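Following the hints, position chain B against chain A.
Residue numbers (UniProt numbering), protein chains in the order written: chain A, 1 to 1002; chain B, 1 to 217.
Rather than coming from a laboratory, the hints here were simulated on the basis of the structure. Since we're looking at a predicted model, the values are computed, not measured. Be a bit skeptical, because a hint or two may be false.
[Stated by the list, open to error] Distance windows between CB atoms, simulated: (1) A:Q483 / B:E152: 53 to 61 Å; (2) A:E280 / B:S142: 40 to 48 Å; (3) B:E129 / A:K392: 55 to 63 Å; (4) A:K216 / B:D128: 48 to 56 Å; (5) A:N843 / B:A93: 55 to 63 Å; (6) A:N843 / B:N80: 47 to 55 Å; (7) B:D32 / A:T463: 23 to 31 Å; (8) A:K473 / B:E129: 33 to 41 Å; (9) A:Q312 / B:D32: 17 to 25 Å; (10) A:N246 / B:A93: 17 to 25 Å; (11) B:K104 / A:N281: 40 to 48 Å.
Glycine included, C-beta positions come from ideal geometry on N, C-alpha and C.
Next come the chains, spelled out residue by residue.
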Amino acid sequence: MDFFKSVATLAQNAIESINNPNHLTPDQLVQQTFHLPSDESILSEINAEYIITSRVLYSFSEGAKQTGNYLPVPNSVNVRSPGKLTLTDNYLVLKKNDTVYDKVIFYLATIDKVQKIPNVEIVHVRLSTHNGMILDVLSDTTKSKAEYFWHTLSKRHHELHSKLPKLNEFQKSLYSEYLISKNCKNSKLGEKHIDIPLHPKGGLGLQFKFPGNQSKEQEVLKLKRWFEYFRRYGRNVELVENQIFNSLILIGVPNRLRGEIWELSYGAMYLRLENSDEYENILADNKDNKSFAIEEIEKDLNRSLPEYPAFQTKEGIQKLRRVLTAYSWKNPEIGYCQAMNIVCAALLIFMTEEQAYWALNVLCDKLIPGYYSKTMYGVLLDQKVFEALVKKTIPTIGDHFTKYDIQLSIVSLPWFLSFFLNTMPLVFAFRVIDAFFYNGPKTLFQVALAIIKVNSEKLLQCTDDGECIAVFKEYFSSLDEVQPIHEKLKRQFDILWETAFNEFHIVDDKVIQKNRNVLKNEVFQGIDLFVKRAEIRNLPKTNHLSTEQISNIYDRYYKILLEDKSAPNRGDVSMDFNSFKLFMSEITVWVNLSRETKDQSNFLQRLYKSWLDDNNEMKLQTLVVGLNKMVEKDLMNSLSNFFDLYDIEKTGKVSKESVLELAEDLIFITTPWREGVIFDSIANRELEDQIAERLVQRRQQLKEQGVQIDDDAEIVLPDEVKFDEDKWKTKQSVRYLSASSSFLQLAFKYAQPYEDPHAPLIELDDDNITEKKIESITHNKALDPTHPVYITASMFRMVILANETYSSFFENQFWKSFDLDKPGNIDNSVFGGMVGNIRGMVNNVMADGARVATQVRKKMDEARSRGDTINSIESNDSGSLVSGSTSSNFNKTGGLRTSMDSKGAESVMTGWTLESNALNDNFDDTNIDDLLESPEQKNLLHDTDDISDLAEDVEPKAENVPNKVGEGHQEDEDDFGSFIPAGESNDSIKNVTEKVQEVSLI
Amino acid sequence: MSASSQIPVKLVLLGEAAVGKSSLVLRFVSNDFQENKEPTIGAAFLTQRCTIGDKTIKFEIWDTAGQERFANLAHLYYRNAQAALVVYDVTKAASFIKARHWMKELKEQSTKNIVVALIGNKFDLILDEETGEEIEGARKVSVEEGKNLAEEEGAVFFETSAKTAYNVNEVFMYIGEKLIENLAKAQPEDNQPQTQTNRIDLTAAPQQNINDNGCAC
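Just chain A, same shape as in the assembly:
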């Protein structure tokens, strides 16, 4: 899993919570159904029957119809309907059961009176609003529940009473109130309203005219319909929404009212009501701040609906700047995305700045989450969904596009991003937005599908993307044209509109959400890949890491950051120390989080701190650069890089204290080797050597027994090698302990004193200087705390190189101990980069039989040149031994098979498979016995306490060492693997013992 995928997943959850009722809490469900602000929570709920009336409506139903009635009287008037009432912090909302459109939303402060109507059977409460709406609620739930509901409501209503003046002030900004106020002055129907003498502030259209050439009559007719609606069913924050409301929106909202209906439809109005100062404050607070988003906004201000006159004026551009900037501060995650400028410009034609600001909030948060995000995953996902829906609903087109590899999404992307504002003529795009704000994202899909549908004949002629684009271009420019349909003339746009809502109503929120769920992974993977590629491309050059390895580091870096819940989810991320530790534990063999030690923590801290960038952050690039140094294969450079970890001040000198830490760190890093979890190349070589030695001996023995062996034959390795793992482990363990002590010794031997400005310079060739004096300089300074000393990088290298184990470690093991070839999404710590145990080592040695074979030949040659008793070998050596490296065949068990044709030799070879019995029978193991009984060996065993004092980290192992060696001696002394070349081992162990003793004195 990838970082961005999960970023997208977070956002996807947001989409889901909006569209998938199953994932919603009851609060969220209510917020979504009624588009309430996300901080509204449910206080109480009841199921009840209700009747809605208003003074006006009542008059109508009583038959007092008057002329100029533009709306049908719904048959629901005075009818009891079942529904569910919900009281939230600031709203009383009601939804009629089993319908989509019948809703009531009352801001609590609009309620004037709560009256209990006496009734023995049920709880009957009558609510009346300031503007004359009457809601009768007849509770069908248990009495006590209803009582509680009304009690809570009364209480809350009382608390909010103080909000009334603020509400009245707010309503003065609404055209609906102005419309009522202006037209009801002389009405005898008794509507209540607030008096609004002045036209409320609105969009730029009031001043610069609204786009399109709609006649005044049309506009007035539409306004009258809305006027009637407002009188009967309420308006703005005290509203009854029904099917008629939806119809009024679909036939097109009048320009003067458009801003208010847009902000009402998806709840932007409620946000503005509750946060009346936010817009101005956010601008004021950030007055002097700069941001990248602002730079981007500035680029586009002059090119946002430039054909609309207001956006060629300073006034219009300033409004656009303020709204976009305010939003970029409100939501820095989005900042600014091209297309927002066009959308915002469209909003400002109908809305005030503050209205547009809140509408933008609602758009980005609720209607089209992820569309304008930095990865644009929302809009990318919806293009996939759209393509899938085309395939499903208009399969002929879907098949055609597939056949010609036409990518519909590249055509439709701008439709979705800017709600057709830059594709259709503005007047039609505004119609889409009317429906979109009211019905949500499905509108975009329905309209887009209808566009494909009505153009399907032409689209079937297209063979590439370009031709499709041409079809759409022509179509959009003809939306205003009429076309005869069933002997009637119909405008293209109206055909589209009918198609969208009649044929594609089945494409609802549920269908869309289902498709989003199916397709999201595909989209996120695509984004991941792109983001990853871009980020990797911008990394500094790192010679020692392959592209594949960098890719693995990338995956692991983000995988780990994601697991860290405290990490920020996007943008400028960096890795903290804990995540770094986790990262290192997954890629190195020497970090083991289940065994936290001080040494481990110290060394990781050192790595972490020394890799941090100038801002003290561990970014991906920081990490890559650091790792690149660690996997340096060149011994000299690798040592310099290691030295640099301790040379923090970059003086080229590392103090005595740091050298001690360095030595401790080396002990820590080499833990897996010291514990015999991994064997190093020295052990490897030794093993090869021993196997070869054995082969030679065995051959000789057979010859002595009179078996005919053809020396021309290939050398055949045994199918199986038995060995004593513990003895090998011990041996390597001792070698590493010895390396650490000799390292320290040597390092201090070569350490130089810091120059003391007061001390007289010592002339080395001065005759007066005695040998003793020189000796005191070189020996004592290192140990004298009053005379600080240091070592340089070249000294460090020299000390390491003087040490076979450590130099071999840096040459062959250290860089390999970072496993960067493991895919970044694998978290287990199975270490793939190195041989895991002795069995693995043996298998490897046997698999690469050529080397052993070469060893055997060498030994045979040596024996011969020593004039040894291997006469048979000597005598036959005139024939050539087939080199194992040139013609060896491997069998499945990894042994070498012979290519000999002599039958006798074949049988000999079979005898060579080193069955333990054969070994037991035939070997003379005096050497081994000698070794194990040697006093040095015993010394070593007794000295382990001292070793453990030296290196705390070795403790558990060190305690085990004596037992294991002892056991090995008793049970497996014949074992092939326990065979240690006598002379060499004796010496080396003796050395170790001495050194260990020496060091323990320090």
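Just chain B now, kept in the frame of chain A:
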């Protein structure tokens, strides 16, 4: 393939927002210039035919959105592209950094032998209207920087002005010629009619033709 047949060429424009990608296309396609052109959302598609020698090339131009976050979508457009214009604004250093990224992205991800031109646009802004000489300090990306980047990435380099039409047609002509040249090279090996243009084998890396093509230097 007959000499008179059209050769369709898919060309994509890439570069930071507001460097003038759409304006270059508008100049080339309609010989027009608009001061405040709306930003491209997603991408715009335009075509233009032009005749080079005895051949007609039909440019199918994908003009992409410049804002960073739209870069996510760019691969949809440069898929199978045979030519690309990577555009920056000579008065905006940041746009040149972006151009460098695009050159790399193309190298990694696009059709193997894509013909690429690096374009430093808005050349008119660094010229004094009266004297016709460069205004000191107006230029933020030097000719050398442009040339070097183009050379590194095997691209050709032009400085242009969509506003004054300076060098605009030359860019497209150069690309047309280059493609025809490559087509001719590929022809002997491939006797199939070149109906599928994305099969053109644009073998050798484009040559550096900077001076021949009248760049600003």
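Hint check:
1. A:Q483 / B:E152: 53 to 61 Å: Check passed, 56 Å falls within 53 to 61 Å.
2. A:E280 / B:S142: 40 to 48 Å: holds, 45 Å
3. B:E129 / A:K392: 55 to 63 Å: For E129 (chain B) and K392 (chain A) the Cβ distance comes to about 58 Å; the hint holds.
4. A:K216 / B:D128: 48 to 56 Å: With Cβ atoms ~52 Å apart, the hint holds.
5. A:N843 / B:A93: 55 to 63 Å: holds, 59 Å
6. A:N843 / B:N80: 47 to 55 Å: With a Cβ separation near 50 Å, N843 (chain A) and N80 (chain B) satisfy 47 to 55 Å, so the hint holds.
7. B:D32 / A:T463: 23 to 31 Å: holds, 29 Å
8. A:K473 / B:E129: 33 to 41 Å: Given about 36 Å between the Cβ atoms, the range holds.
9. A:Q312 / B:D32: 17 to 25 Å: holds, 18 Å
10. A:N246 / B:A93: 17 to 25 Å: Taking Cβ atoms as reference, N246 (chain A) and A93 (chain B) lie about 53 Å apart, which means the hint is violated.
11. B:K104 / A:N281: 40 to 48 Å: Hint holds: Cβ distance 43 Å, inside 40 to 48 Å.
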